[in-house]
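J.: Read off the chains here:
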Amino acid sequence: MTFRPRYFLRRAADAMRRGPYVTAVGTGTIFVAVFVTGLFAGALGGAERLLAAWAGEVHLSVYLAPGADLEAARAAAARIAPGREVDAIPAVVALRRLAEGLGDDARLLDGVGPDALPDSVVVLAPGLSLAQARALAARLRQVPGAADVDFGNAWLEKLETFVARARAAAVVLLGALALATALLVSNTLRLAVFARRDEIEIMKLVGATDGFVGAPFLLEGLAQGLLGSSLAVLVLLAAHAAVAPRLRAAVKLAEGLRLADTLPWPLLGSLLAAGAAIGLLASALAILRFLKQRPSL
Amino acid sequence: MIQLFHVHKEYPGDGPALTDVTLEVEKGEFVFLTGPSGAGKSTLLRLIFCAEPATSGQLLLFGKNVAKIRAAAIPQVRRNIGFVFQDFKLLPDRTVAENVALPLEVRGLPDRDVKRKVKMLLRSVGLEHRADKFPPSLSGGEQQRVAVVRALAPDPALLLADEPTGNLDPDRTLEVMELLHGANARGTTVVVATHDRTLLERYKRRTVALERGRVASDGAEIRRAAGAP
Chain A
1 MTFRPRYFLR
11 RAADAMRRGP
21 YVTAVGTGTI
31 FVAVFVTGLF
41 AGALGGAERL
51 LAAWAGEVHL
61 SVYLAPGADL
71 EAARAAAARI
81 APGREVDAIP
91 AVVALRRLAE
101 GLGDDARLLD
111 GVGPDALPDS
121 VVVLAPGLSL
131 AQARALAARL
141 RQVPGAADVD
151 FGNAWLEKLE
161 TFVARARAAA
171 VVLLGALALA
181 TALLVSNTLR
191 LAVFARRDEI
201 EIMKLVGATD
211 GFVGAPFLLE
221 GLAQGLLGSS
231 LAVLVLLAAH
241 AAVAPRLRAA
251 VKLAEGLRLA
261 DTLPWPLLGS
271 LLAAGAAIGL
281 LASALAILRF
291 LKQRPSL
Chain Z
1 MIQLFHVHKE
11 YPGDGPALTD
21 VTLEVEKGEF
31 VFLTGPSGAG
41 KSTLLRLIFC
51 AEPATSGQLL
61 LFGKNVAKIR
71 AAAIPQVRRN
81 IGFVFQDFKL
91 LPDRTVAENV
101 ALPLEVRGLP
111 DRDVKRKVKM
121 LLRSVGLEHR
131 ADKFPPSLSG
141 GEQQRVAVVR
151 ALAPDPALLL
161 ADEPTGNLDP
171 DRTLEVMELL
181 HGANARGTTV
191 VVATHDRTLL
201 ERYKRRTVAL
211 ERGRVASDGA
221 EIRRAAGAP
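Chains A and Z, in that order, are what the protein sequence lines are.
Residue 64 in our numbering sits at position 64 of the first sequence, with consecutive numbering throughout.
Residue 31 in our numbering sits at position 31 of the second sequence, with consecutive numbering throughout.
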């Protein structure tokens, strides 16, 4: 094939200018696929960051039954979690801290007795994984007088399970999404190829090879892929800029959430590359199918 | 240049389009292929152009057996052949100059050389002032002149023309035929399929008549039988 990059680029640009509808549909399809993929990957990254942040400030609360010996419970907890900071929190202190936390709404606690909250023992254990925290919580249930042990496990366990399942599903889903997008864009480009069948026929009549005919189509697909994925990356960055501050304000754990946690540059680069690859694959499928169906040209 | 030996072509579901065609066209010849509609003229041109294979028999083009040419090598063969169609086959959304440039671009000529040659070719047929126009704005005669110029742009060894004057009035027909004869005078072998008897009578050239896919008569054979050189 005669390699003429400038000529091919010119032809591809001409074709995109003459067929804006096909260009828009191809670009839009790739945009949606890359955006959904990026959103999914970003959410996973964010969730993993939240889990890691939680692991940095694990504290387990052992709530005692009424009448239990607080000091004996603290000593037992210290034996179960050696080397960890263990505090005894009497009910009165717990109530005072709650009132401080409520701020102006503390008056809601007017009339609440000093024994409304149970005595508790708090174990600070930074750096534990969720599984380690779960094991430690099980041992702390042996503390004399323990009624319940809490480490924020209810929603964290759900989050951990979700992240694990989502990570597994992501590979399958994203693979299927990429294939579906390639086929969808390929069918769109087939329309473009079909609309230009006379041009292809005439080029073949004057001695053009399949490579010479196909190169502008491949560049067109590549350009649509890059355009669609670039738009998706820009929208993802804008979405992060809009959502992250609200998340940080709403969830204490998300305070340290940065762009590099949800949309790291390698991920953004991969999204751009994937969009380009999908566009290229789709256009290759479209032009090859057409040339295969018209062997007599 | 072109040699056919007992060539047979049949399309599935149809009768034979060509039957036992044996024919030879020498380098530098000008040959009319004639016969009524459906006689097999276009089919014969398509076989020579490597657009489809013969069902049986042998076709040699430039000394090579067409049946043995790999599909990937066909574009190379076609770069030695120009083709002119009755319906011009110009790209309507490209200018006259861009249409003429197409076979030169395919051959990888530098842009500057392509522009220079296109300008020279259009000037030679009096269409330089139409270079930036789009084909639909041209008359039929002008479009066919553009098509002929495009076919001749890369200086092909062989020019095939399928009813090139079928859509033209007598004056425009003469213009196009002059272009074809000019190319032949410069050494290009020309094969023209036509059912226009006035052309055959006006231009006393070798005429091969086809009827129902068979060679009914061949001017070369007749001349040889009459003892002509």
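Be careful, since some hints might not be right.
25 Å max Cα-Cα, derived DSS-like pairs, lysine-lysine [to be verified]: (1) Lys292(A) to Lys204(Z); (2) Lys68(Z) to Lys89(Z); (3) Lys292(A) to Lys115(Z); (4) Lys133(Z) to Lys119(Z); (5) Lys204(Z) to Lys27(Z); (6) Lys68(Z) to Lys119(Z).
These are calculated hints, taken from the structure and not from any lab test.
J.: Can the restraint linking Lys133(Z) and Lys119(Z) be considered satisfied, given a maximum Cα separation of 25 Å?
T.: 14 Å, holds
J.: Please verify whether Lys292(A) and Lys204(Z) have alpha carbons no more than 25 Å apart.
T.: 43 Å, violated
J.: Hinted pair, alpha-carbon criterion (25 Å max): Lys204(Z), Lys27(Z). Please report holds or violated.
T.: Between Lys204(Z) and Lys27(Z) the Cα gap is close to 18 Å, so the pair holds against 25 Å.
J.: Mind checking the alpha carbons of Lys68(Z) and Lys119(Z) for me, to see if they're no more than 25 Å apart?
T.: Violated, at about 38 Å.
J.: When you check the alpha-carbon spacing of Lys68(Z) and Lys89(Z), does it fall within 25 Å?
T.: 29 Å, violated
J.: Can you confirm whether the C-alpha distance between Lys292(A) and Lys115(Z) stays at or below 25 Å?
T.: 33 Å, violated
When held up to the earlier numbered hints, the structure conflicts with 1, 2, 3, 6 and fits the remainder.
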